[in-house]
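Chains as they are written, first to last, in full-length UniProt numbering: chain A, 1 to 153; chain B, 1 to 148.
Read the hints as simulated data drawn from the structure, not as lab findings. Only a predicted model underlies this, so the values are computations on that prediction, with no experimental measurement involved. Mixed in with the good hints there might be a few duds.
[What the hints assert, rightly or not] Not everything, but these chain A residues come out facing chain B in the computed CB check (under 10 Å):
#1 85
#2 94
#3 113
#4 119
#5 120
#6 121
#7 133
#8 153
All residues carry an ideal CB built from backbone N, CA and C; glycine is no exception.
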Amino acid sequence: MNTVHRGLIPALLVFLPASALAAPQFYGRIDIALEGTDDYPSRTLASALDDMDEGDSPLRDGWFVEAYNSYLGVRDEVPLDVGGLSLIYQLEAGYDVDGDSSDTFTTRNSYIGLATPWGRVFAGRYDSLVKQAEGKLDQFNNTGADMQTVFTS
Amino acid sequence: MNWVSPNLGNLVLKAQLAPGEQDELGTPPYDETKDGLADIYALSATWNSDALYAALAYEHGYTERALPAPVSLNVPADRDVLRGALGMRVGNLSLGAIVEELRLDPDYPGASRLDGTSYLLSAGLAMSPRLTLKAQGAASTVTIWGTP
């Protein structure tokens, strides 16, 4: 009897208001910290060495209110009822909560694609695989002491 | 473009490719336009179980390299990065280590290659579910082969 109903589901997807289906997930994070740092002015070693005069200390110190990793996002996985496929998408924007930057929003991991039985395929903006490999090993991820002060990403 | 495999037990494979979207690199006549389909490509394998995390990732891409005097030119360079990561959890203690090898190979006759190695060691001790004591250290070394 399943086969009888299969044709109906795409039609329902079109005609039902979005709220009647599984709603997309809205999510976000506000991550504010008071940080005292003593570091290279640009926070990356390579560029810090560019502007040094002889006798200068490469270190700068100070207090900062930092919005480390604040963002807003929408994501969902919508079953297509065809061959085990699902539509997947995520729109995530970094939000400049502390107003330090001239840009209120920045693009974070955002994509659209398909989940298939052979894995997920998607296109958009996404972290490099090298960056993803850090997993949760960077204990100071996103802070002023993030590993990218020493690593390439 | 991303592909992420289904979970193969504790193993996940990933592949990535990105066109250069006509990035202009270098100063003529040592310039190059990145207009291919896979100017950047990357592969990784990640093992993730409760007690053990291990990952290996490789990326081939490009960058621009400023060659010092007497050349004083910006030239295109191949950029290769290999990163290995290992994490372990023993009771309340999480230990991590990351090693990364970076290679920049300028596309200019006689220009030297740059190799960089970066290391990280980290530890986290969960005192309670909401409180973790953390320590971390990282360092980087750069080797330039041949005359700049």
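Here is how each hint holds up against the structure:
no., hint, result
1, 85, "13 Å, violated"
2, 94, "19 Å, violated"
3, 113, "7 Å, holds"
4, 119, "4 Å, holds"
5, 120, "5 Å, holds"
6, 121, "5 Å, holds"
7, 133, "4 Å, holds"
8, 153, "8 Å, holds"
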